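Engineer: Construct all of the structure, not just a fragment, from the sequences and the given hints.
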Amino acid sequence: MIQRRTVLQRLMYTLGLAVSSTLPYGFARLMTPDVKADPRTHLRPPGALKDEAAFNSACIGCGLCGEVCPPRCIKFYQREGGDRFNTPYIDPEQKACILCNKCMEVCPTEALTVTPRNDIDMGIAQIDRSACYPWVDRGICGACVSICPLGERAIGFKYWNQYKPVVKKECVGCGLCVEVCPHPSLPIRIVKRSEGTVTHHKL
Amino acid sequence: MSAKGKPFFLWRHLNKLRWLTLATVFSMLVLLPFLHVYQTYVAAHAYDLLAPQEKELYDTMETLTSPLVSDPAEDLDAIKGNTWSGNIFGLKLSDPLAAIGQMAAGRNLYTPFLLTALIPVLFSVLFGRFYCGWICPASFLYELNSNLAILLRRMGLHTGHRHLDKRFKYLVLAAGLVFSMVTGSIAVAAIYPPAVVGRELYYAIALGGFGAGSVFFVATLLFDLLVAQRGFCRYLCPGGALYSLLGRYRLLRIQRIVGNCNDCAKCNAVCEFGLDPLRDGFGQECNNCTACIAVCPTDALTFEIKLKDVGYQGPGHLGKRYQREHQATQGTEKAA
Chain A
29 MIQRRTVLQR LMYTLGLAVS STLPYGFARL MTPDVKADPR THLRPPGALK
79 DEAAFNSACI GCGLCGEVCP PRCIKFYQRE GGDRFNTPYI DPEQKACILC
129 NKCMEVCPTE ALTVTPRNDI DMGIAQIDRS ACYPWVDRGI CGACVSICPL
179 GERAIGFKYW NQYKPVVKKE CVGCGLCVEV CPHPSLPIRI VKRSEGTVTH
229 HKL
Chain B
652 MSAKGKPFFL WRHLNKLRWL TLATVFSMLV LLPFLHVYQT YVAAHAYDLL
702 APQEKELYDT METLTSPLVS DPAEDLDAIK GNTWSGNIFG LKLSDPLAAI
752 GQMAAGRNLY TPFLLTALIP VLFSVLFGRF YCGWICPASF LYELNSNLAI
802 LLRRMGLHTG HRHLDKRFKY LVLAAGLVFS MVTGSIAVAA IYPPAVVGRE
852 LYYAIALGGF GAGSVFFVAT LLFDLLVAQR GFCRYLCPGG ALYSLLGRYR
902 LLRIQRIVGN CNDCAKCNAV CEFGLDPLRD GFGQECNNCT ACIAVCPTDA
952 LTFEIKLKDV GYQGPGHLGK RYQREHQATQ GTEKAA
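Protein chains in written order, with this note's numbering: chain A, 29 to 231; chain B, 652 to 987.
For the record, the hints were derived by calculation from the structure and aren't laboratory data.
Note that the coordinates shown come from a computational prediction; the quantities given were computed from them, not determined experimentally.
Misleading hints may appear alongside valid ones.
What the hints assert, rightly or not - Simulated coverage check for chain A against chain B, where a stretch passes if three residues somewhere in it have a Cβ under 8 Å from a Cβ of chain B: (1) 89-97; (2) 112-126; (3) 136-145.
Stated by the list, open to error - Each computed PhoX-like pair below joins lysine-lysine, with the alpha-carbon atoms no more than 25 Å apart: (4) Lys-196(A) to Lys-78(A); (5) Lys-220(A) to Lys-78(A); (6) Lys-192(A) to Lys-123(A); (7) Lys-103(A) to Lys-706(B); (8) Lys-917(B) to Lys-971(B); (9) Lys-103(A) to Lys-743(B); (10) Lys-123(A) to Lys-706(B); (11) Lys-817(B) to Lys-917(B); (12) Lys-197(A) to Lys-78(A).
Said to hold, decoys possible - Chain B is faced by these chain A residues, among others (derived, beta-carbon under 10 Å): (13) Ala-81; (14) Ala-82; (15) Asn-84; (16) Ser-85; (17) Ala-86; (18) Arg-100; (19) Lys-103; (20) Phe-104; (21) Gln-106; (22) Arg-107; (23) Lys-130.
Glycine included, each C-beta is placed from N, C-alpha and C at the ideal position.
Structural biologist: Here you go:
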């Protein structure tokens with residue numbers, strides 16, 4: 029027979045332990061700045077499953093894609109990623125994908141499936157024509173066009189030798205143009221294919 | 652009486668081999684990120700642009716690997732990953748927990764991935780929880796941690812010796828899988844120490860800093876120090892639970908030779924998982940770590956190929972209790 033007093037004592041002890049262990053966590057949560065991952069600038073590695081939920085459930089967080097990446101562009105979400113915790117992303121502003129296929133080949137699950145280079149869809153480049161140097165007649169540049177691994181198929185100049193870059197539909201969104209862009213506000217960035225305005229432009 | 656003779660003499664040295672494999676796996680987990688960084692430097696073809704420290708890393712890794720590989724950028728891909736999932740010379744291996752967790756989270760069967768867990772599952776069925784004692788990089792740190800606990804106790808500090816219910820880890824495993832199923836992300840990966848250690852070492856070395864998982868790992872170390880020795884592995888680890896279940900009917904078991912035993916209880920004292928070899932209490936938690944074999948002064952512990960543990964065989968025949976009882980019965984026989 030257990031005394032009521034001992035039951036209450038144990039209850040209070042457990043409660044006290046639980047409160048004292050969660051309080052520091054709560055304080056830490058309150059004091060840390062609220063860092064939200066920016067889905068616009070963060071890309072999934074090439075060959076990633078399109079559906080975000082499917083990708084999260086397929087990725088086991090082993091980090092192999094990061095460990096084989098030659099430019100070391102693949103990073104991993106930490107706490108700020110929420111349920112994307114420990115899943116890979118690429119921030120092309122820091123370091124962009126070179127489309128080497130190694131991450132797709134090494135991935136043990138179907139999270140990154142081997143995809144031919146032309147079918148990769150990490151997004152599509154989008155140029156802000158109110159900021160890009162050549163588009164606002166602030167000089168010539170063409171860095172994005174010269175770095176593009178897909179060449180003329182993905183990005184070109186509006187007219188010959190005018191250095192106004194225009195994205196084409198073949199762009200796979202590797203983000204090398206974002207990495208190389210010299211403009212401080214990065215008028216070129218990678219957006220979802222559905223958000224791109226490539227189809228509205230005429231060359 | 653002692654029907655069996657002495658155990659094979661090498662088995663008492665297996666514990667040293669075990670420490671060697673643990674240390675090797677852990678040092679590989681440290682070395683691989685460095686090798687990866689070196690590979691990226693090689694692939695970039697820009698030695699002259701490296702900072703002095705980076706050059707130092709480059710030179711060190713070049714010295715280490717140049718006898719083994721001709722094209723570092725490609726050939727060093729032969730060994731990649733960690734114990735959660737990795738490649739060794741084209742052989743892809745994954746933790747069974749990764750396979751089950753992914754099955755639960757994705758609610759589908761992706762056969763190529765499940766096959767990577769086949770070899771570990773087979774080995775666990777044969778050797779039980781051997782992963783926990785022989786390979787797990789977190790185990791390496793946890794065992795060092797329990798050695799630290801011994802040191803602290805010698806210094807007069809109190810360390811935790813609570814006994815919790817060892818079935819709790821099965822609850823953690825089930826809850827983790829249900830949670831994975833509900834949220835759709837593999838929750839068990841975040842609380843499974845070897846996966847955390849592998850990841851965090853990579854983050855720390857190649858990506859410039861420890862991630863959130865290191866906080867969790869330090870918490871488990873403190874739990875082991877302050878609450879129960881090897882508490883996380885024994886009571887909470889979901890992977891340990893899975894390996895215990897797989898190894899329930901393992902083929903290779905440690906067994907006491909009652910004829911050689913003198914009831915000294917050194918095996919119980921040395922057992923990391925708090926098992927009871929002295930009274931033949933091994934069960935599915937035993938990870939075949941062979942620490943008890945190594946410490947046994949009378950060669951009374953050996954490997955047996957059996958599907959089940961034998962029950963309590965009574966006091967050891969070299970012990971005082973057995974001899975007293977035995978002589979007593981003999982005495983009565985003579986008297987009668």
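Engineer: State for each hint whether it applies.
Structural biologist: Hints, verified against the model:
Coverage of the region 89-97 of chain A by chain B holds in this model, with 8 residues showing a Cβ closer than 8 Å to a Cβ of that chain against a need of three. Residues of the region 112-126 of chain A lying with their CB closer than 8 Å to a CB of chain B number 4, which satisfies the three-residue condition for coverage. Coverage of a stretch by a chain is defined here by at least three residues with a beta carbon nearer than 8 Å to that chain's beta carbons; for the region 136-145 of chain A and chain B the count is 3, and the condition holds. For the hint linking Lys-196(A) to Lys-78(A), the alpha-carbon distance of about 21 Å falls within 25 Å, and the restraint holds.
For the hint linking Lys-220(A) to Lys-78(A), the alpha-carbon distance of about 11 Å falls within 25 Å, and the restraint holds. Between Lys-192(A) and Lys-123(A) the alpha-carbon distance is near 24 Å, which keeps this suggested pair within the 25 Å criterion. A hinted pair counts as satisfied when its Cα atoms are at most 25 Å apart, and Lys-103(A) with Lys-706(B) qualifies at roughly 23 Å. For the proposed pair Lys-917(B) and Lys-971(B), the alpha carbon gap of about 16 Å is at most 25 Å, so the pair holds.
A distance of roughly 22 Å separates the Cα atoms of Lys-103(A) and Lys-743(B); the hinted pair therefore holds under the 25 Å criterion. Taking the CA atoms of Lys-123(A) and Lys-706(B), the gap is about 21 Å. The hint holds against a cut of 25 Å. The straight-line distance between the Cα atoms of Lys-817(B) and Lys-917(B) is roughly 22 Å, inside the 25 Å bound, and the hint therefore holds. Distance restraint check for Lys-197(A) and Lys-78(A): the Cα-Cα separation of roughly 18 Å lies within the 25 Å cut-off, and the hinted pair is therefore satisfied.
At its closest, the beta carbon of Ala-81(A) sits 5 Å from a beta carbon of chain B; the interface hint therefore holds under the 10 Å criterion. Contact between Ala-82(A) and chain B, as hinted, is supported at the beta carbon level, the nearest pair being about 7 Å apart and thus within 10 Å. At about 4 Å, the closest approach between the beta carbon of Asn-84(A) and any beta carbon in chain B falls short of 10 Å, and the interface hint on this residue holds. About 4 Å separates the beta-carbon of Ser-85(A) from the nearest beta-carbon of chain B, less than 10 Å, and the hint is met.
Satisfaction of the interface hint for Ala-86(A) is found here, the shortest Cβ-Cβ separation to chain B being roughly 5 Å, below the 10 Å cut-off. With 10 Å as the threshold, the beta carbon of Arg-100(A) comes within range of chain B, its nearest partner Cβ sitting at about 5 Å, so the hint holds. Interface restraint check: Lys-103(A) against chain B, minimum CB-CB distance 6 Å, threshold 10 Å, status holds. Taking 10 Å as the C-beta contact cut-off toward chain B, the hint placing Phe-104(A) at the interface holds, the least distance being around 7 Å.
Annotation: Gln-106(A) was flagged as interfacial toward chain B, and the flag holds, the nearest CB pair being 5 Å apart, inside 10 Å. Checking Arg-107(A) against chain B: minimum C-beta separation of about 5 Å stays under 10 Å; hint holds. A distance limit of 10 Å between C-beta atoms decides the matter here; for Lys-130(A) the minimum to chain B is near 7 Å, and the interface restraint holds.
The structure meets every hint from the earlier list without exception.
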